[in-house]
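Read off the chains here:
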Amino acid sequence: MNAIVSIARTTFAEAIRRKVLFIIFLIGVTFLAVAPGLNVLSARQERTVLVGFTLGVIQLTSALIAIVLTVYLIPNEIERRTIYTILCKPVRRWQFFVGKYLGAVTALGVMMAAMTVLLIIVFALQQGTRDPAQLAPLAKGPLMFFFQMSLLAAVAMCLSAMVQPILNFFLTGGIYLVGTLFGTIFETFQENRGVHPVTKAISQLVMSILPNFGKFNVQNPLINPNQQIGNESMYYIGTALYGVVYIIILLLIGILVFERKEV
Amino acid sequence: MCVTFSTTVHLRAPNSLPLVFGLSQRDDRYNHAAIPLGGLRLGAAISIKNLTKTYTLRSGVKSNAVDGIDLEVQEGEIFGFLGPNGAGKTTTIKMLLNIIEPTSGEATIFGHELDDMTVHKIISYLPEKPYYYEHMTGMEILRFYASLFSIKDEEKCEGLLKKVNLYNDREKPIAQYSKGMQQRIGLAQSLLNDPKLLFLDEPTGGLDPIAHKEIRDLILQFRDEGKTVFISSHELSDVERICDRVAIIKKGKIAAQGKLEDLLQGGRIEVTASDVSESVASTFRSSLSDGIVSWNGGRLIVDVPDSVDQNSIIDTIRSSGGLIQSIIPRRKRLEDLFVETVSDDRPVQNVGGAS
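Line by line, the protein sequences are chains A and B.
Every position in the first sequence, counted from 1, becomes a number in my numbering once 805 is added.
Every position in the second sequence, counted from 1, becomes a number in my numbering once 55 is added.
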């Protein structure tokens, strides 16, 4: 356990100092800061535009950070030979793998938390409210995004044990896109009788294998308070558990491959 | 952990005082035999039998990076593992560290199988040009590596920083460390668990002469402390100065191994003379098969193995009216051995035995 915590702590410290991640984070923060000015572009309600835009910025920025941060975690350690100084100590490969993942997710969480705080400040200033009842629910979106991004990071970690970083970047990005959008496409296929059964079967297979990232998108009720999720707490807990189970499966696959990887 | 002690008495080098007196007066220009624990020679630190690592290339062809090597490194000695680039040195070390799996063969460290976690508590590794997390200070690096052993001993970390002469720089980030300082912090982290066996991969590579000497002195200090050191290096002069035994690996096979004093037997003698006729040079060329004879305007240089009768060469030169200018004996250097071992197609040889 000591080894996992130490490796996670070091990975976190390295991650928050990586310039490329800081730049992505800074771009996200800049967009969040200028968000109140965007209401002039839309005739829709100020609140709808602001919440929709800022949550979109947090999601996109976090996804980029999650992928860029994770695809290089293991390859960098191998290239710089740091991994040898660690694995020759009484550290198991799975401990190294899990430690790296936990460190990355912690760094991701800290950056997302900072963006969430900024989102709430921007919203409070623009709406002129300090009412916690209005402000606190805004954190639900980023909270679910955090589970989504942790899952995305697990996909990248798992693949990093198998493929080169550049390929991993595009693969993980592709899986995220498909996993986010495919839920809607799948439902359309299932409901539409005109769709060929083979297409339906393939879409069913894709849905069974790929994580459904769309599950974590809870923007709609936040953007439009009239829309509510039935049994909200259960939905959040269930979705979070779905994410955690998927993360564990992906990490186990990654560890199995990494255990046999010649570094 | 179980270590078998043998009672073989190992003769002490004449210029080395017993360690039990807490003194070690030695000149590191010369090679010294390993004398841990009052002169008693201990068991095998590393034992390798027929170790092979085969890779399948993209073309489908199988290639042996390491090809059935046999090695034995005794406890308390400094063992040099030499070879040209791509010969299989690092692959061998990685197999011993259980970072990669051998295709076949056997290897043990202090009698333990390589996948036994006990081994990782008593060994250490300093890779070639490693990267240490640059945001960390020297002290933080040691704390990090110490935590991997569940060691929470600030005094130990500070003591090691003093030992490698980095105590005053302990709060500087690694990014500000010079190459030599990074190598020293590497050595400090490799000593955290007080290892019985250290693997050092190019420990002095790319360092300036001062840093070079500092690292070399530290390695000699490790031997004084009874540690076994396995060095892979291209710095042959260092290896010659500090190693007790060496092995030269070539294309995955051991091409030579043994005690340095045995391997380096057979020096050469260079006889230089003036006023010598070219016919005398031709005579030497035809009679000295192992000799290198050069003649230019009456000046003759004959370079022969020291086993050749020098008197007959001198007599021949004198009787022809030549004048002897100098007779210089040249000790065989490790560099000579290395070059002749890796550059020709000699089969495996075992000089001085495996241990």
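It is possible that part of the hints are untrue.
[Unchecked claim] Derived EDC-like pairs (lysine to aspartate or glutamate); straight-line CA-CA distance at most 16 Å:
| no. | chain 1 | residue 1 | chain 2 | residue 2 |
| --- | --- | --- | --- | --- |
| 1 | B | K227 | B | E257 |
| 2 | A | K1066 | B | E156 |
| 3 | B | K218 | B | E280 |
| 4 | B | K207 | B | D272 |
| 5 | B | K314 | B | D249 |
| 6 | B | K218 | B | D272 |
| 7 | A | K824 | B | E183 |
| 8 | B | K268 | B | E257 |
| 9 | B | K184 | A | E884 |
Rather than coming from a laboratory, the hints here were simulated on the basis of the structure.
* Which numbered hints does this structure break? -> Hint check: 1, 4, 5 and 7 fail, others pass.
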